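Colleague: Sequence:
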Amino acid sequence: MQGIDEVQAQRLADDTAARQRALALASFIVEAPAGAGKTELLTQRVLRLLAVVNEPEEVLALTFTNKAASEMRDRILGSLASAAHAADDLPPHKQETRRWALAVRARDAERNWGLSAHPGRLRIMTLDALAASLARQMPLLSRFGAQPQVTERAAEHYAAAARQTFALLEAGGEIGDTVAAALRFMDNDAVRLERLLVAMLGRREQWLPQAGRVDGGMATRAEVEAGFTALIAADVRHLASCFPAGLQQSLMPLARFAASWLPERFPLLLDWQQVLTDAMADLPVWQQLADLLLTSEGNWRKQLNKNIGFPADKQYAAEKAAMQAQLAILSDVPGLAAALAAVRELPAPQFSDAQWAAVETFSRLLRLAAGQLWLIFQAAGEVDFIEIASRASLALGDEEAPTDLAQALDYRIQHLLVDEFQDTSPGQVALLEKLMRGWTPDDGRTVFVVGDPMQSIYRFRKADVGLFLKVRAAGMGGVQLEHLRLFRNNRSCPAVVEWVNRTFPSIFAAADEPLAGAVRFADAVATRAEEAQSGVFVHTVPAAEGTDGAAQEAQQVLQLIRAARAQDPAGRIAILVRARRHLDELVSALRRQADGLRFQAVEIEALAERQHVQDVLILYRALSHRADRVNWLALLRSPCCGLLLADLHALVANDTQRTVWQLMHDEERLAALSDDGRTRLLHVRGVLALALAERQRQTPRRWLEGTWLLLGGADALPQASDLADVEHLFDLIDRLDASGRLTPQVLEAEAAELYAPADPLGGAIQLMTIHKAKGLEFETVIVPGLARIPNRGDSPLLLWDEALGQDGQAHLLVAPMAARGEKATGGSLYDVLRQLEKTRSAHESERLLYVAATRAIRQLHLLAVVQRAESAESGEASFKAPPAGSFLALLWPQVNALCAAAAMSGEVPASADPVCALEDFVPPLLRLQQLQVPAELAALPPDVATNSSVVHASGSPQETRETLTGTLIHRCLELIVRQGLTAWPLERLDICRAGWQQWLQAQGLAAADVELALADTRLALGNTLQSPRGRWLLADHPESDVEQGWTTRTAGGCAQHIIDRVFVADGERWIIDYKNVRLASAELPAKAEEYRAQLERYAALFASDPRPVRLAIWFALQGELVELTVSA
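Numbering (this note's numbering), first residue to last: 712 to 1839.
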């Protein structure tokens, strides 16, 4: 630690004192920068508390991840175990840990805790686990009843709730009117409204209480407008503080001059005589002044002309020169341009009647959607984490009526610890305050929270850094927390820490601002020894003309990886980015060029983007919907078929009425194919015919996997290791099927969340997002993509917030998005809140860059693609300003000169393989050279001689319709038996019609055929339910079963049998098969005889049963049961 100056020495002394103070029996909020060793401090704090409590359950430690909870538990138990043995030469902080571990061992022995045998008595858990535990302890009050499962992917439930909310349109009354008004507001764009509702339901803990206040009349229009007045007044007040009175007075005559030429544009500046203040009455004048001084981009004007009131005539040259001088002076005032730009588009803090009506409409709509979501959760038996937290809070009651559980916890919990407190959400803090209800500063109970507001980067998880700042200032749950600050950075080398200390003060805000999510920078002191070649290095990559520079940047990263491996072969390397897609080019380069460099891409490589996984998804979508022309064409083009484009065109051209499957049975079109194309198509057609025949008779995974194997999917994989990718997809299908959620849409959405497993031997080089790297450290950190910006999502229906009014009270802020087709006329209240959110996001970007930089131990490499621009005046090379919102924009003032010098002297890394221009790229056709059933499957016995009652159609529209009608009737009759006749009144058939229609359409039937199939299905089921004989065969009987499957071994292999209906009645076994044929009643007995062999084969399955067997055919369309005589 050479080179420590007096300031740093004092910082280290303050750090040591803070760590000692943190072990006192009092309440604290500890601010710990990156690498401060807060986990060790938390361990010491828990041990300190365990040494004095009566029971270990009195100490509750909360973290955000299971990994962090496990690490803390392991550290505590490890400290207790190591304290049993002698230890010499421990560093001071380890000696402190050992001292308290010995005290806990003594307390354990005194109180007979048995912690070593019962470590579960240590209450260390995540906040989510705490919420689930609370809800579980009072299931009735939390309204769960039986405990539901918790899902991390609830978007499907949100979408279902949105659709059910739209269905309330038919309810009429106030509810129907609310839905109708919302749709009118969106210009009847139900798809977009559903998407917006889904997004809102995913963060409903932020708005549900406020929506209730608006809908219930507790938050009035006047109150919300008062909140906006306070919010807008703060911007005006800030501008007034930035704009000295003397500068205003110097500007007045020039502003009046410009207004005299443009009185329509600057009417309020015509008689500007008084210094503008922070009064709201001055806002319109401030806005016209901003329009005069700033360009549309918010920069100081450089050109003065007649368009802003300064004519080119020579007689006005003096005024023009004076204005230019004033602009030069104003440009030197820090923050003035930004303050003027901020007020320029501020609206009046009042709603129009239409805007407030929209607020009320959407507040009611959101509450309706939340109610529908609760019904969806109950039906599915699973909830999201938001619901768990909400019900946990409900289980604790409120201030006036605490529950028994709350009172029991109040007695049991004596000390509360929270790690990573900067990442808490308002709902989580509210839950903690309920746990602390009734605590007083001197009652012996303590709360200890630790975190780093500079590392708050989880706004997408509802984290609010402003909560840390507010608790630091005002305490929590009525308990004031003493603020302690740590200074040590035990992770990074001095060169890295010094660069961070030097660079980030100008990036972060000058002062903390909870409402804006802004935090000031807090410096740190490095405690590691300096290492050779340590430091921070900026690399700029001039983009080649016509490219985004991603390929060149990837080459630079590869060079840095190789150099880092050469310098420190044992060192760990991390490549950190803001978004997964920013690693696409690098992953591709590593796969192509970096032979021998194994790496781990942590949740980076989406499996659904790999072609072999896409091919399986295409197969599933095509087989699930015969009218899905795009996926059927993609299937025929995939490696398992590989039709040439000419053959594909000959097959489907000029016929959009029939499905691709039907065209595959058109002999004339088959004859038009090449010999190769016809051979391939016939093979694929045979496999798909078997697949369609066997659908619904196997589990979805077995059905799809078997079809894929028969098509040669395994042989078409580029490499054997790719089989693991496909297995992950098949496993997902199993999980979705088990939960009853398997549909093509859900499978596609869930598959998008599957990532390639990390290489277990590639831990030395890790690729991940900055969020994933939180809490980790690496010898070398490389951060590419500084010039890239993240995607922005849809604007929400309503924006909600709170602001302190002039009365000192918190006022609700809410504003609706602009109505569809509404023309913008300046800023709106919605824009005010959106700008506030934008400001918060910008401040989080600052913190995200800080987190990335502080992961580095020895070296930090920052890479940015820069775009060259020729200077019009000097002709010298310069660089375009980086995009707003990018990391490079944050660093630009500090590293601009360095970037320019590096870019001018450095060379663009050459690509190891030539990059083909997009217009010249022709994708190769990857396909199996010879299509055949794989040898392993062909070698099996020629079984699966499917003796099912459903024969697949050859492809003609009539045969396809009849086959699908039969399948639908079979399925409905099976449901009636399983659910019981009482559940199927005749009226239910009409209710089911829409579902039948959707299913038939999905199978590719034309509209006319769908109507015919629906009519036959309704007739068959109606006849069955109205017929005494039909109701008898569907009734509950002993040994009753439907669609009973059998497999028997025969001389030729295996045979499968599916018995439609079997039961025992009056001591006789009935075996019944369903048929749907269009014949007169007199012709049915002869038709039944055609199926005698099939029924007698079924009867032989029960040869060991001594009871008599009765065989019959149920002709559903006629509603008649025809019995076949059984020979003795």
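These are computed hints drawn from the structure, not numbers from a lab.
A hint or two may mislead.
[Said to hold, decoys possible] If you anchor each label on the Cβ, the simulated ranges turn out as follows:
1. A737 / L1472: 27 to 35 Å
2. A795 / G1596: 25 to 33 Å
3. A901 / R1446: 29 to 37 Å
[As the list claims (entries may be wrong)] With a straight-line Cα cutoff of 20 Å, these simulated SDA-like cross-link-like pairs (lysine to any residue) come out:
4. K1031 / A945
5. K1017 / L1038
6. K1181 / P1152
7. K1483 / Y1466
8. K805 / E863
9. K1483 / F968
10. K1483 / K1025
11. K1485 / L1038
12. K1483 / D1505
13. K1181 / A737
14. K1173 / V861
15. K1013 / A1001
16. K1549 / V1298
17. K1549 / A1052
18. K1173 / T776
19. K1173 / G1504
20. K1181 / L1515
21. K1181 / Y1466
22. K1031 / G1046
23. K1798 / T1674
24. K1798 / A1814
25. K1483 / V1298
26. K1017 / L994
27. K1798 / F1813
28. K1181 / A1233
29. K1173 / D1505
30. K805 / N823
31. K1025 / F968
32. K1483 / A779
33. K1798 / L1832
34. K1549 / A945
Note that the structure is a prediction, hence the values are computed from the model and not measured.
Cβ coordinates follow ideal geometry from the N, Cα and C atoms, glycine included.
Colleague: Run every hint past the structure and note whether it holds.
Modeller: How the hints compare with the structure:
Checked against the hint of 27 to 35 Å, the C-beta distance between A737 and L1472 comes to roughly 49 Å, which is inconsistent with it. Distance hint for A795 and G1596: a CB-CB separation of about 55 Å, inconsistent with the stated range 25 to 33 Å. A C-beta distance of roughly 30 Å is found between A901 and R1446, which places it inside the suggested range of 29 to 37 Å. Annotation: proposed proximity of K1031 to A945 is violated, straight-line Cα distance about 33 Å (limit 20 Å).
Between K1017 and L1038 the CA atoms are separated by roughly 17 Å; this keeps the pair inside 20 Å, and the hint holds. Between K1181 and P1152, the direct Cα distance comes to roughly 18 Å. Compliance with the 20 Å bound is thereby established for this hinted pair. Between K1483 and Y1466, the direct Cα distance comes to roughly 14 Å. Compliance with the 20 Å bound is thereby established for this hinted pair. At most 20 Å may separate the alpha-carbon atoms for a hinted pair to count; K805 and E863 exceed this at roughly 39 Å.
Under the criterion of a C-alpha separation no larger than 20 Å, the hint pairing K1483 with F968 is inconsistent with the structure, at around 58 Å. The suggested pairing of K1483 with K1025 is violated, with an alpha-carbon distance near 63 Å, which exceeds 20 Å. The suggested pairing of K1485 with L1038 is violated, with an alpha-carbon distance near 45 Å, which exceeds 20 Å. For the proposed pair K1483 and D1505, the alpha carbon gap of about 24 Å is over 20 Å, so the pair is violated.
Between K1181 and A737 the CA atoms are separated by roughly 19 Å; this keeps the pair inside 20 Å, and the hint holds. Pair hint K1173 plus V861 holds up; C-alpha atoms about 18 Å apart against a cutoff of 20 Å. For a cut-off of 20 Å, the pair hint linking K1013 to A1001 stands: about 14 Å separates their Cα positions. For a cut-off of 20 Å, the pair hint linking K1549 to V1298 is broken: about 31 Å separates their Cα positions.
A C-alpha spacing of about 14 Å is found between K1549 and A1052, which places the hinted pair at or below 20 Å, so the restraint holds. Our distance criterion of 20 Å between C-alpha atoms is met by K1173 and T776, whose separation comes to about 15 Å. Between K1173 and G1504, the direct Cα distance comes to roughly 15 Å. Compliance with the 20 Å bound is thereby established for this hinted pair. Using a Cα cut-off of 20 Å, the hinted pair K1181 and L1515 holds, with the two alpha carbons roughly 13 Å apart.
A threshold of 20 Å between alpha carbons decides the hint, and for K1181 with Y1466 the separation of about 39 Å lies outside it, so the pair is violated. Note on K1031 and G1046: the hinted pairing is violated, with a Cα-Cα distance of about 24 Å set against a maximum of 20 Å. For the given pair, K1798 sits about 17 Å from T1674 by alpha-carbon distance, which is consistent with the 20 Å threshold. As the CA atoms of K1798 and A1814 are separated by approximately 26 Å, the hinted pair breaks the 20 Å bound.
A hinted pair counts as satisfied when its Cα atoms are at most 20 Å apart, and K1483 with V1298 qualifies at roughly 17 Å. Restraint check for K1017 and L994: the C-alpha separation of about 25 Å exceeds 20 Å, so the hint is violated. For the suggested pair K1798 and F1813, the alpha carbons sit about 24 Å apart, so the restraint of at most 20 Å is broken. Straight-line distance between C-alpha atoms of K1181 and A1233 comes to about 17 Å, which keeps the hinted pair within the 20 Å bound.
With a C-alpha separation of about 17 Å, the suggested pairing of K1173 with D1505 holds against the 20 Å cut-off. Proposed proximity of K805 and N823 is contradicted: the alpha carbons are some 26 Å apart, above 20 Å. Annotation: proposed proximity of K1025 to F968 holds, straight-line Cα distance about 15 Å (limit 20 Å). For the given pair, K1483 sits about 13 Å from A779 by alpha-carbon distance, which is consistent with the 20 Å threshold.
With a CA separation close to 12 Å, the supplied pair K1798 and L1832 stays within the 20 Å bound. About 17 Å separates the Cα atoms of K1549 and A945, which keeps this hinted pair within 20 Å; it holds.
Checked against the numbered hints given earlier, the structure breaks hints 1, 2, 4, 8, 9, 10, 11, 12, 16, 21, 22, 24, 26, 27 and 30 and satisfies all the rest.
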